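Enquirer: In case you want the letters, here they are:
2 protein chains.
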Amino acid sequence: MSAVVLGVGATPFRKQPERTLAAVGADAVVAAIKDAGIEKSQVQAAVCGNVQFGGGAGQTVLRSLGMTGLPVTNVENACASGGSAFREALAWVEAGWVDVALAFGVEMLTHSAGGLIETGRPDIANQVGLPLPGLYALKAQHYMADYGATPEQLASVVVKSRANAQWNDYAFFRTPVTVEQVLASPPISDPLTLFQCCPNVDGAAAVVIASESFARKHGTSGPAIKVRGSGVSSGHPIDRADSVADATERAAAQAYEQAGLGPSDIDVCEVHEPFSIAEILHYEGLGFCGEGEGANYVASGRADITGRGVAVNPSGGLLSRGHPLGASGVAQIAEVVSQLRGEAGGRQRENARVGMTHIMGGSIPELDSNACVVSIFST
Amino acid sequence: MSAVVLGVGATPFRKQPERTLAAVGADAVVAAIKDAGIEKSQVQAAVCGNVQFGGGAGQTVLRSLGMTGLPVTNVENACASGGSAFREALAWVEAGWVDVALAFGVEMLTHSAGGLIETGRPDIANQVGLPLPGLYALKAQHYMADYGATPEQLASVVVKSRANAQWNDYAFFRTPVTVEQVLASPPISDPLTLFQCCPNVDGAAAVVIASESFARKHGTSGPAIKVRGSGVSSGHPIDRADSVADATERAAAQAYEQAGLGPSDIDVCEVHEPFSIAEILHYEGLGFCGEGEGANYVASGRADITGRGVAVNPSGGLLSRGHPLGASGVAQIAEVVSQLRGEAGGRQRENARVGMTHIMGGSIPELDSNACVVSIFST
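Which chain is which? The protein sequence lines are A and B, in order.
Note that this note's numbering has the first sequence beginning at 940, numbered continuously upward.
Note that this note's numbering has the second sequence beginning at 940, numbered continuously upward.
Calculated directly from the structure, the hints in this document are not laboratory data.
What you are looking at is a predicted structure, and each value in this text was computed from that prediction instead of being measured.
All C-beta atoms in this analysis are idealised placements derived from N, C-alpha and C, irrespective of residue type, glycine included.
It cannot be assumed that every hint is accurate.
A few chain B positions that, by computed beta-carbon distances, are all more than 12 angstroms from chain A [unchecked claim]: (1) H1081; (2) P1130; (3) K1156; (4) G1240; (5) G1281.
Stretch by stretch, here's where chain B covers chain A in the computed footprint (C-beta under 8 angstroms, at least three residues) [to be verified]: (6) 949-955; (7) 988-995; (8) 1016-1023; (9) 1098-1111.
This is chain A alone, in the form it adopts within the complex (with noise of 0.2 angstroms):
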């Protein structure tokens, strides 16, 4: 790996109905161009993330800014969108086709019909009444039976997302929450509450990628802040819904080879927790603690950004910051990108050295998931 991150810019994550995908993709993209300190027309290739547009994102957001003739790439990978559109966009730049891509993701769920979250079309279990909350409800349930975990310690993922994201103004939730109003919020499904499940909003976010050489001869505003390593796998077939560690281990562990790190190594991390379950899940498939203790790792206090352990989605993660699809892997770089350069306020990871962004989409009772994106950077 050679790129670094040059800038980032996102929006704040809301429901806002009344404005168009590409006025909000281009917010995002107008402050990442801004923060890398160059010039749109420095921008030599882009990629999108987007679920839901049906078609032409990139173009869409960018011809309004009259970034045009430019290579444009949409790519869709579930909620793992995001993700992808950074990783394609850094092989741009490491295969030597272009010093300076752009990597952004945008979703308007207002703008989808009821904004819900579909999975994939041929999935039998959405059609029998698995959708994705309930399929993390069962992941739940099969959770607490193996390993004693309790609803406390699944509704303390939720307190410290919100504590974190009271510092985040982008976040869409920010108010705290104690165990107990989190437990007590309507049931959705079984153990989940609605305040474990993430909200659906509008948002985008934007990453400027640049080649080491590029970043020497240009400067960069900030720290530069470098790549250092990515994984992408998809799941393989589970036996039970109780796991989505699997892709997610496979990912993980292409990352960690190419940087030459190791979970100890990982001050600050961005993780994909749709539902309070999952960041318990990955804490396990990341390697910050071991399996079955995951419930014990947030509940304890070792995720909390002053905690001894990895500081766990301290933008608010999608729980609290919101989860607009395309968008949400891209912010998680935005975040972890401002933590390494000590520029995140409330919410800094003291002496942040190294991150990672863990994104993950697609999840289906028959498939750990279509697509895992592990990225690790550092100062």
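Keeping the supplied structure of chain A fixed, place chain B upon it in accordance with the hints.
Expert: Relative to the frame of chain A, chain B by itself:
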């Protein structure tokens, strides 16, 4: 460029609404893997081009083959989706991330409402009655007025297309037609008649890309086909609906430069011609002839398989083989590779040494296109 094409595969392009996307896609993937002489397990990453399935097309196909646990990315770039899928898979190999990558495209147009190719959602032209046939008819009207091209010359694109397709078992239209028959077919949007518009069909195609070092170690069943250059561009806004050359020229210039080759080096080319006029405009955009000379280029037989110019669309192209959006750009590569291997049977261009593919997508009146991908291959 150091990548080679190790194997190609395609399905017949047909209306086959009774089959699933997974089954049709799998046919092409299995054929390409067999042609490459490798095992399924040797594929290290996959990129799928698809427009209308609605999410997870690539994973759906590969899961049906038991090909799980590998990185899979879905790419959408309108009619150019297959070309972009090839380009992204190529990036993974060129970045040194994998030795063997699979690019494939699949589309089931008979599964869509009406089987129609829709233009971009926010496209006002669609709402006021200017869908793609009308847009290309305008281009044809402009071209005829500017250069004195005749309806008979436009029709000759179809005559050549059908003449070539009679040798292609996988083409949808295989019956030769005369200029008179083309002009007598039902009017669609003046001057375009029915036979001058591509059929909406279902189909898939796949390409196995490998690093040179893998190919050397592994050996190939046929002569290794080299990827010499590849360019991608989106279009700039245009003042008049009379050109589709802008993005084509830019993508071609990149590909030519990377390959160290020029238009006179191209023996055979698969060109994006959803309508007869498109092929004529692209001769000019790709540099096969000068501005305004395209109509005479085809009418005089220069683009025939045995012509004095570049043999264009020996497969029958979109007009006769058919145009299952995401599959088309990959099917073009399969055709060119067959030509360069000397395995194209009755439609073989004699001594074909250098081949080109050109695909574009998302033409709307305000903009040249969303994406154009041009790639060059050689023995």
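Enquirer: Look at each hint and say if it fits the structure.
Expert: Comparing the hints with the structure gives:
1. H1081: holds, 21 angstroms
2. P1130: The assertion about P1130 (chain B) holds, with a minimum of 28 angstroms to chain A.
3. K1156: Given that every Cβ of chain A is farther than 12 angstroms from that of K1156 (chain B), nearest at about 21 angstroms, it holds.
4. G1240: The claim stands: G1240 (chain B) keeps its Cβ more than 12 angstroms from every Cβ of chain A (closest is about 35 angstroms).
5. G1281: holds, 30 angstroms
6. 949-955: Result for this restraint: violated, n = 0.
7. 988-995: Three-residue rule met by the stretch 988-995 of chain A, so holds; n is 5.
8. 1016-1023: Contact hint for the stretch 1016-1023 of chain A vs chain B: holds, 3 residues under 8 angstroms.
9. 1098-1111: violated (count 0)
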